[in-house]
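Residue numbers (numbering that gives the first Met the number 0), protein chains in the order written: chain E, 0 to 223; chain D, 0 to 312.
The set of hints was computed from the structure by calculation and includes no laboratory data. A hint or two may mislead.
Cut-off 25 Å, straight-line C-alpha distance, at most; resulting in silico cross-link-like pairs (SDA-like, lysine to any residue) [claimed, not checked]:
| hint | chain 1 | residue 1 | chain 2 | residue 2 |
| --- | --- | --- | --- | --- |
| 1 | D | 265 | E | 191 |
| 2 | D | 232 | D | 245 |
| 3 | E | 193 | D | 150 |
| 4 | D | 265 | E | 93 |
| 5 | E | 167 | E | 93 |
| 6 | D | 309 | E | 183 |
| 7 | E | 125 | E | 148 |
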Amino acid sequence: MAKKLSNMMKRGLKYIFMALIGATLIYHSVYFKSLQRVKASVKELNIDSYAKNYLFKLIPNAKSEFVDITLLRRALVENASQAFASYSHAVSDGDLRYFMVTGAGVVVQTDSDYIWSRSDTKPAVKLATKYIYGTAARDAAGLIAVDSFDNTMVFNELSEKINELVRKEIVPISENFKPGDSLRFTGALGLSTKAPQLTEATIIPLQLERLEANDKKDQDVRDR
Amino acid sequence: MNHLKVWALLLLLCFGCGGRNKDNQKKQIAIVVSTLNNPWFVFLAESAAEKAQALGYTTKIFDSQNNTALETDHLENAIAAGFDAILFNPTDAEGSVVNATKAMEANIPVFCMDREINSRSAATSQILSDSYAACVQLGELFANDLERRGNYAEILGIVSDNNTWNRSKGFHSVVDNFPNLKMVAQQSADFDRNKAMEVMESILQGHPDIKGVFCGNDAMAMGAYQATVAAGKQDQIKIYGFDGAEDAVHAVADGRIQATAMQFPKVIAEKAAKFADAYFKGERTFRKKLPIAVDVVTQENINQYIAYGKKTK
């Protein structure tokens, strides 16, 4: 009887150990994650409202922090590397960096793709009115960090959404501009640190407005 | 009772095998790479190992063969073997999140190289090529080279990899502005040279008039080139790649392909190894996503580049 009991105990212990081993193996071979956590991780950012908020709220409110194009032109001539350090932004560490600039001038030429605007005798700047692409509009202000996004596809989708809004909401403002009109703009441009040629750069307009006579006088004073 | 001892020993082994190596031992870094079937990733892995060793660590390279399940095994083995950091080139932007998370939960820092995972918390830092911005530039070049008109094809990489779509979307953000440029075929060849050759052969049968093909990496560009040569259309079709791999750099130099985008695998790998070193020394603040700029390489500037990087002066 005692021997039978001892055998039963041994068998019982054996089964307990086997169950423990099995449970350990199963635990380590399956990955559990709470559904709430999964749902939270895939919660999608509303790209439309993010882009609208950036273009129509953040940019107008941060305008005073952007560099005037005349000042940038001078800074690039005097000390280009200092100008890049002071005024440019970029998401990646490379030669191409972006500036958010403000400026005003008189329209000297228009075509289906661009408006050329000149302030006094300074070289004209080229504002894009058709081909709005790339990441300048998103990156130039330095207000959106890639670190805030779970993946770069969404970050790049945001760039495309901002460009789309510029095409739909900003570019149409330029449709009636003709040579001689005065305008004011806030825009993004990219320059290479190796060859910072402002005259060849295209500015993506993020804000565009026609200047009335009084506004122009004020701008002339600022330019001087 | 002997049976009991054996079971107890097994149990001890189960729990004991995950122990970390001691502080007085050299720290170990696991380098888990999506595939070693592509020279670009071999260079990435070897550059990471070389830098980590130069910093005083032992390294081991694991090849996931573009298989997320195999990658899971590698990560689990690395955790169990007590590796101190993982330099990780994931196979799948979504599928690899779980694998990286396991390592992070085991307090092993994970530094992603080149390929991205869709999470900010599943890796200590992700050092990535800025594929989108580079493909905007490639798109501009492509549109200008084709004079903004004509039919073209696109060969995509692995569809579950973010690089595939960042490259494709950057390219399309430009070329889609030109209504006379028409994409007549878009197919995946999984970043594989042989598959790209087959895909291109089939595209050429259906669309013999295409003027250009945009490929998501250099291996596929070279495969596409082989197919155009076999069809006798190498002078008609302009080919664009991405990576800056050795054969593609030579092909750009002699005009077989129009352009590639130079990623800098050595920069990415060395940065990842340096981050691991900084982590061991107590640093805990890292950029979650760190894009590295990519240069467009054409015949005009090819003299500034060698395979996988810039010429040093």
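Quick rundown of the hints versus the structure:
Restraint check for residue 265 of chain D and residue 191 of chain E: the C-alpha separation of about 23 Å stays at or below 25 Å, so the hint holds. Simply put, residue 232 of chain D and residue 245 of chain D have alpha-carbon atoms about 23 Å apart, close enough for the 25 Å limit, and the pair holds. At roughly 35 Å between alpha-carbon atoms, residue 193 of chain E and residue 150 of chain D are farther apart than 25 Å, so this suggested pair is violated. About 15 Å separates the Cα atoms of residue 265 of chain D and residue 93 of chain E, which keeps this hinted pair within 25 Å; it holds.
Of the pairs offered as hints, the one joining residue 167 of chain E and residue 93 of chain E is violated, with about 31 Å between alpha carbons and a cut-off of 25 Å exceeded. Of the supplied pair hints, the one linking residue 309 of chain D and residue 183 of chain E is violated, its CA atoms being roughly 41 Å apart against a limit of 25 Å. Taking the CA atoms of residue 125 of chain E and residue 148 of chain E, the gap is about 32 Å. The hint is violated against a cut of 25 Å.
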